[in-house]
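With the hints as extra help, turn the sequences into a complete structure.
Here is how the chains run, residue by residue.
There are 2 protein chains.
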Amino acid sequence: MSEIKDLGEFGLIKHLNRQNSTKHASTIKGVGDDGAVIQSESDVFVISTDMMVEGIHFDLMYSPLKHLGYKSVVTNLSDIFAMNATPKQITVSVAISSKYTVEAMDELYAGIYLACEKYKIDLIGGDTTSSPKGLVISITAIGQCPNDDVVYRNGAKIGDIICVTGDLGAAYLGLQILEREKRIFLENPKIQPELGKSQYLLERQLKPEAQIGAIEFFKEMKIKPTAMIDVSDGLASDLMHICEQSHVGAFIEEGKVPIHPDTERTALEFKLDPITCALHGGEDYELLFTIDPKDLDKVRYMPEVFIIGEITVPTEGLTLHTTGGNIHPLMAQGWNHFDSNQHQ
Amino acid sequence: MSEIKDLGEFGLIKHLNRQNSTKHASTIKGVGDDGAVIQSESDVFVISTDMMVEGIHFDLMYSPLKHLGYKSVVTNLSDIFAMNATPKQITVSVAISSKYTVEAMDELYAGIYLACEKYKIDLIGGDTTSSPKGLVISITAIGQCPNDDVVYRNGAKIGDIICVTGDLGAAYLGLQILEREKRIFLENPKIQPELGKSQYLLERQLKPEAQIGAIEFFKEMKIKPTAMIDVSDGLASDLMHICEQSHVGAFIEEGKVPIHPDTERTALEFKLDPITCALHGGEDYELLFTIDPKDLDKVRYMPEVFIIGEITVPTEGLTLHTTGGNIHPLMAQGWNHFDSNQHQ
Numbered sequence: 001m002s003e004i005k006d007l008g009e010f011g012l013i014k015h016l017n018r019q020n021s022t023k024h025a026s027t028i029k030g031v032g033d034d035g036a037v038i039q040s041e042s043d044v045f046v047i048s049t050d051m052m053v054e055g056i057h058f059d060l061m062y063s064p065l066k067h068l069g070y071k072s073v074v075t076n077l078s079d080i081f082a083m084n085a086t087p088k089q090i091t092v093s094v095a096i097s098s099k100y101t102v103e104a105m106d107e108l109y110a111g112i113y114l115a116c117e118k119y120k121i122d123l124i125g126g127d128t129t130s131s132p133k134g135l136v137i138s139i140t141a142i143g144q145c146p147n148d149d150v151v152y153r154n155g156a157k158i159g160d161i162i163c164v165t166g167d168l169g170a171a172y173l174g175l176q177i178l179e180r181e182k183r184i185f186l187e188n189p190k191i192q193p194e195l196g197k198s199q200y201l202l203e204r205q206l207k208p209e210a211q212i213g214a215i216e217f218f219k220e221m222k223i224k225p226t227a228m229i230d231v232s233d234g235l236a237s238d239l240m241h242i243c244e245q246s247h248v249g250a251f252i253e254e255g256k257v258p259i260h261p262d263t264e265r266t267a268l269e270f271k272l273d274p275i276t277c278a279l280h281g282g283e284d285y286e287l288l289f290t291i292d293p294k295d296l297d298k299v300r301y302m303p304e305v306f307i308i309g310e311i312t313v314p315t316e317g318l319t320l321h322t323t324g325g326n327i328h329p330l331m332a333q334g335w336n337h338f339d340s341n342q343h344q
Numbered sequence: 001m002s003e004i005k006d007l008g009e010f011g012l013i014k015h016l017n018r019q020n021s022t023k024h025a026s027t028i029k030g031v032g033d034d035g036a037v038i039q040s041e042s043d044v045f046v047i048s049t050d051m052m053v054e055g056i057h058f059d060l061m062y063s064p065l066k067h068l069g070y071k072s073v074v075t076n077l078s079d080i081f082a083m084n085a086t087p088k089q090i091t092v093s094v095a096i097s098s099k100y101t102v103e104a105m106d107e108l109y110a111g112i113y114l115a116c117e118k119y120k121i122d123l124i125g126g127d128t129t130s131s132p133k134g135l136v137i138s139i140t141a142i143g144q145c146p147n148d149d150v151v152y153r154n155g156a157k158i159g160d161i162i163c164v165t166g167d168l169g170a171a172y173l174g175l176q177i178l179e180r181e182k183r184i185f186l187e188n189p190k191i192q193p194e195l196g197k198s199q200y201l202l203e204r205q206l207k208p209e210a211q212i213g214a215i216e217f218f219k220e221m222k223i224k225p226t227a228m229i230d231v232s233d234g235l236a237s238d239l240m241h242i243c244e245q246s247h248v249g250a251f252i253e254e255g256k257v258p259i260h261p262d263t264e265r266t267a268l269e270f271k272l273d274p275i276t277c278a279l280h281g282g283e284d285y286e287l288l289f290t291i292d293p294k295d296l297d298k299v300r301y302m303p304e305v306f307i308i309g310e311i312t313v314p315t316e317g318l319t320l321h322t323t324g325g326n327i328h329p330l331m332a333q334g335w336n337h338f339d340s341n342q343h344q
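Which chain is which? The protein sequence lines are U and C, in order. Mapping to my numbering: the first sequence position 182 is 182, numbers consecutive. Mapping to my numbering: the second sequence position 76 is 76, numbers consecutive.
Take these hints with a grain of salt, some might be off.
One copy or any two copies: either way a pair holds, since identical chains are not told apart in the list.
Below, in silico cross-link-like pairs of lysine-lysine (DSSO-like), each with a Cα-Cα straight-line distance of 30 Å or less [to be verified]:
id, residue 1, residue 2
1, K5, K294
2, K197, K256
3, K14, K157
4, K271, K5
No wet-lab data here; the hints were simulated from the structure.
Below, the structure is given as structure tokens:
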């Protein structure tokens, strides 16, 4: 094991960047100066930033560092895709306590670089520092797209169709499984975790992907969603953001919300309602978007898309049309990281 | 006192951004979507990021939150100026433990917004989350400048003149005073801290400024430094970065290094060598730059500039020409945040 203090801050930065290479002509200068330099073209730049804190957003007892690095990049790219832009660069800042070795940092960065390879991202800068306790990762992603292509949350119009790129609730149930196995392990370390049959749910929680395919499809088919957001807090909460900013209402048809069979089965195992997990679970990193009805025929060609509802007048609020034919108000619950009842 | 969990994450973000307004036409969309959007012009973009961690970079026992917010922005802007670019936007991510109230966050953001006002910066996004312990601030700054104006660390040439924009070592001694008064207070809380006569040093530590004037002067006088860096780790360490990346050596004349009278006096009080504080202290946020000798006459018109040495052949390394006529190798010490002997 190599101690980080033997490398020092500058040594660690060099070490972690030794395999870093530039993928975009627009990246003029990456790591190694006071700042990175990006070439301007005729595009606009889209910037997004996220912070992940040990003990709040992840638990290293079940989150491998490589997966964590991967996920921390992907969740940022997801925000750039949600603006209909192409992510090109990221900066990565990491604070680590003295318990972390160089090998642990290598694992984290292996995941970061893997995501950069897969999504063709240049890592152009960052900061590496120590923390009195735990690990903090802060990533800023920079994307580009033609001026007129940016999609905001505020463009949804009455009558627009609400779509989502994939099934919901799986990441939340993946987390429930990991928390359960952790409790069992802490009570009796001899019991081996039972994770085999839950691979899909675990992968959705530990190593999510961002919806690059949807953005490429929009470009190819010349579709511009009227509003878009990524499902990070949960379908209900994220749809509420679109409705608030677009000054509209919306209904979701319960029967149309995509739920994976493993999600359904596991929800029932946990005595949870599958639709509740899908509506409020969060961390799915699917894209939730609205389109003008004239684009509906084109959208049907999307390799993976689910049409789940419609934008309405604002006075109707946010409702769920149940399979039983009832109409329920849809409360946005989402995660509240500041409520200690949810997170200790 | 208002508890943050009563506002929730979305409420807190809205609350902290209620006074946020846009200053640049290039900021098309700020806070409130998945990402911010910046207009591209004929310029390049310069990106810099920094993370500040409670217990490592600051101690809230003597660092008022408003000053801390101000400093965390200024240190990032300093990196953008060090590339000869004009900072225009920042993103701010903050992780806070439950001990922080809404009022405490307001103080922090008052400092952040004050720096944004002074330096004409748009706050365009960020993330607000909880932490199990302490405060972490991560800021990414985005600057712009014409393509040919960017100054890197790697352009210093043999014979170039080494300049610095202001006096050095003051911030380090400010920190020594604060640490001393903290020790005295912890031993006997009845003793009032003796800070009055140290105002200059304390301000340099707690509320530093970034060197916007230098960048404006360069533009006005059509000077382009050959290399530039901001003095954050200490003159010796930062000059070493220029020398390493430019593949050159350098000498500094001890007698030319600017040291404020308060720095000199206080160093002696602490039984420290003033020149050592100036060479290795760090956190001065002055600009250290090299210029072609042909620009020397122009640089003499700079309101505040000190000519402190010269770039040499690489084999000469980094040396200090002492006032006594000796030549000493200049060791880059800088801060090593990972060395527990320096920081607990």
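Output the indices of the hints that this structure fails to meet, ascending. Checked against the structure, the only hint that fails is number 1, while the rest are satisfied.
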